[in-house]
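Student: Take a look at the letters that make up each chain.
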Amino acid sequence: MTGLALLVLVLGAAIFGPFLAPYDPQAFHPTVRLQGPSAAHWLGTDQFGRDLLSRLLNGAPSTIFFGLGATLLGVGAGSVIGVIAGTAGGWIDSIIMRILDGLLAVPELLFTLLIVTILGGGMGQAMLAVAIAFTPGMARIARSSVLSIRTREYVLAAVARGEPSHYIVLREVLPNAAGPIIVESTIRVAFAIMIGATLGFLGLGAQPPSTEWGLMVAEARQFMFRNAWTVAVPGVAIAMAAMGFNLFGDALRDSLDPRRSH
Amino acid sequence: MAGKTTSHAAKRPVLEVAGYSLSYETATGPLHALKNIDLRVEHGQTHGLVGESGSGKSSLAWSILRYLPENAVENDGKILLSGESLRDRTLQQILEIRGRRISMVFQDPSTSLNPAMRLGEQLSEVLIRHRGLTPQEALEESEAALDRTGISKPKDMLRRYPHEASGGEKQRVVIATAFACNPELIIFDEPTTALDIITAQQILELFNQLQDETSISALYISHDLGLVSRVADSVSVINAGEIVESGPRGEVFRTPRDSYTKALLDAVPDPTHWLGVAAPPPETPALMTAKAITVEYGRQSRVAQLLAPKPTHVGAQDVSLEVRKGELVGLVGESGSGKSTMAKVLSGLQDFDGAVCFGDRSYARLGEIDRAYRRAVQIVFQHPDASLNPRQRVRQILSRPLKLYDIVPPEQRAERVAELLKKVRLPVEFADRFPHQLSGGEKQRVAIARAFAAEPELVICDEITAALDVSVQASVADLLVSLQNQTGTACLFITHDLNLVRQLAHRICVMQRGRLVDAFARDDAEAADRNPYTRALLKAVPPPASQAV
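Those protein sequence lines, which keep their order, are chains A and B. Be aware that the first sequence starts at 1, since it is given in the working numbering, and climbs by one per residue. Be aware that the second sequence starts at 1001, since it is given in the working numbering, and climbs by one per residue.
Don't take each hint at face value.
[Unchecked claim] The following label-pair restraints were derived from C-beta to C-beta distances:
hint: 1; chain 1: A; residue 1: V159; chain 2: B; residue 2: P1115; range: 54 to 64 Å
hint: 2; chain 1: A; residue 1: V159; chain 2: B; residue 2: G1298; range: 16 to 26 Å
hint: 3; chain 1: B; residue 1: L1306; chain 2: A; residue 2: L104; range: 28 to 38 Å
To be clear, the hints were calculated from the coordinates, so they are not data collected in a lab. Backbone N, C-alpha and C define an ideal beta-carbon position, used for all residues, glycine too.
Model the full structure from these sequences, guided by the hints.
Tutor: What follows is the structure in structure tokens.
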């Protein structure tokens, strides 16, 4: 329930945020620099006197949709590879899995940094990099899920009936193997948001004057000791978004079990 | 009834449960697991508690051991061990009682032993804790205890880990542990259900022998009436949390008063009571012939054999059998005998050497099995929970074969699904249900309907009754026979239940360790020239309860 509430809040901000912002997120207000919350500026202002709430709401779409987009790409690619490995078996499976094992040995963030270095900085490149970094892990989950379903008696019954392979994969295996994949994806969105923020913070993702939350943290970092609000506001927003997706993923896992929902 | 038994019993009953009720608090309200239970186990006696799954028999065992989940709600009924109430004991006192005064033997020895401890340590741990022996004494005592259970090299066995012992050996160790502290009461919860037929028979003999030697009282919980009739002095029958009948063994089995007990007794397979269809005339041609089928698991390619040779495991060796039109052939064997391997070969799921002939066609390997064969030969699996796709409705499940083999035009499919449901005696409305909304028996009926939807010539039934309760088993067997009568379909009926197969099959084949060791017509089952293994199997099967007394 908490997860869903957080998620609604975060997604609401991502969709309607820019229209709700009380100020122009880029407008300087030199008289009210680095201030705490007040009636005029609910969440305070940054080093240029820009309204933090407006910046936060403006940055929500790029931050959240970055996470969703990167995950969607990664899950898509990973699932296709995993399902192929899981259903084909034999040497195809062995080759795919050994390559993935090699990629999995590299930490995700490091892997992402490597790809960004090759592709160059920017939001699109960063999204692609996170997606590529997610692919091996997702493939592994998809494959193990498919393997556990493939030997169920209803799948064997379909094979014995002489069903075509695409029917077996799409109708018998995938709907039942999708649960773990979907749950893992929602949890991955949280990771993607955090990696995106990290890349923004390191200057490899979104570029100024973007209001992407990671970049906001990076820009406010120097003034952290004069006013902690400037760091805390985007920081807490990132944490809330990540937690929302995480808790939602847990709840989803429970409700996806057909035996639990009557 | 209480007055009658106390009058001629010199001692107090070892276990007395009186007016005991138990319910579980659930999200949808209280679930009544036990209702007003009265049960007595007299000194030195074995009391059988018989019930189907969900009847509350295991709940009662846990109540006696005082091991209940937090949502359990009890009334103020009594549970007395030799006259002392167990219900007002502290946890500390209960821990002292468990193992020393009451011990328990569970269904599956492979999960009730700690895989990381040697068997000897597990046995002597109990002796050290409850009888205060030194480790050395405990080890000697363990050896003696194991010796009594008929294990050939007890010293060797004590040094082994659970995975180094067979299922029967493990259960012997568990039973030895239970008897080790000379408790007042031992609760046996289906102690032979997870074992093979012949091993189960040996464990039962061991139980009777130890029982005679020690005169420890026992509560023997089982779903199997035939089995209980061979061990118990008195019997209680439990149904939906209520004891419906209770009394001395002979009385309950010979003259059951309650209708549920009667139904349960009637459902026990009786080999002398023929249920099957009329045998096809002797000149009927063979429908399906398996010729010298061999299956090796873990077979490697030539390159892999050179690089890292691994031993292969033979699933079936040179198995030949035939099924004639309209015939029901029984295939019997213990677990690992290769009977399920044969089911997989014949339903086109497993590669093989040899040949499968069907009609006028012959198939020499898995790749040659074609659509026509797959339509003509259908399979029904053991586990009703696993054999239906949980995300498809019954309508979808049943109409799939109709569509795949184009059996009826699309506009008639709904009608045909309804007909199929009627044929397997399910309400037509079940078409809209998901599998998890059906009971085990209902699911198995849907699986049977799916097999018959293809209008097959041969149906392979792989242990289709093994996962079902006795009464459901009987109705599924009956359904199969009536379908055979209507359609003339032949059937290969794979089972470990010899009594059941002798009610249904015209001919019976016996497999042991991957080989076909015996094949005979039903009437020749008792013939003197039967293979020794067949005879051992027949001897090990509990005779129906009514005959045992």
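Student: If a hint holds in the structure, say so; if it doesn't, say that too.
Tutor: Taking the hints in turn, this is what the structure says about them:
1. A:V159 / B:P1115: 54 to 64 Å: Given about 34 Å between the Cβ atoms, the range is violated.
2. A:V159 / B:G1298: 16 to 26 Å: 20 Å, holds
3. B:L1306 / A:L104: 28 to 38 Å: Between B:L1306 and A:L104, where Cβ atoms are some 30 Å apart, the hint holds.
Checked against the numbered hints above, the structure violates only hint 1.
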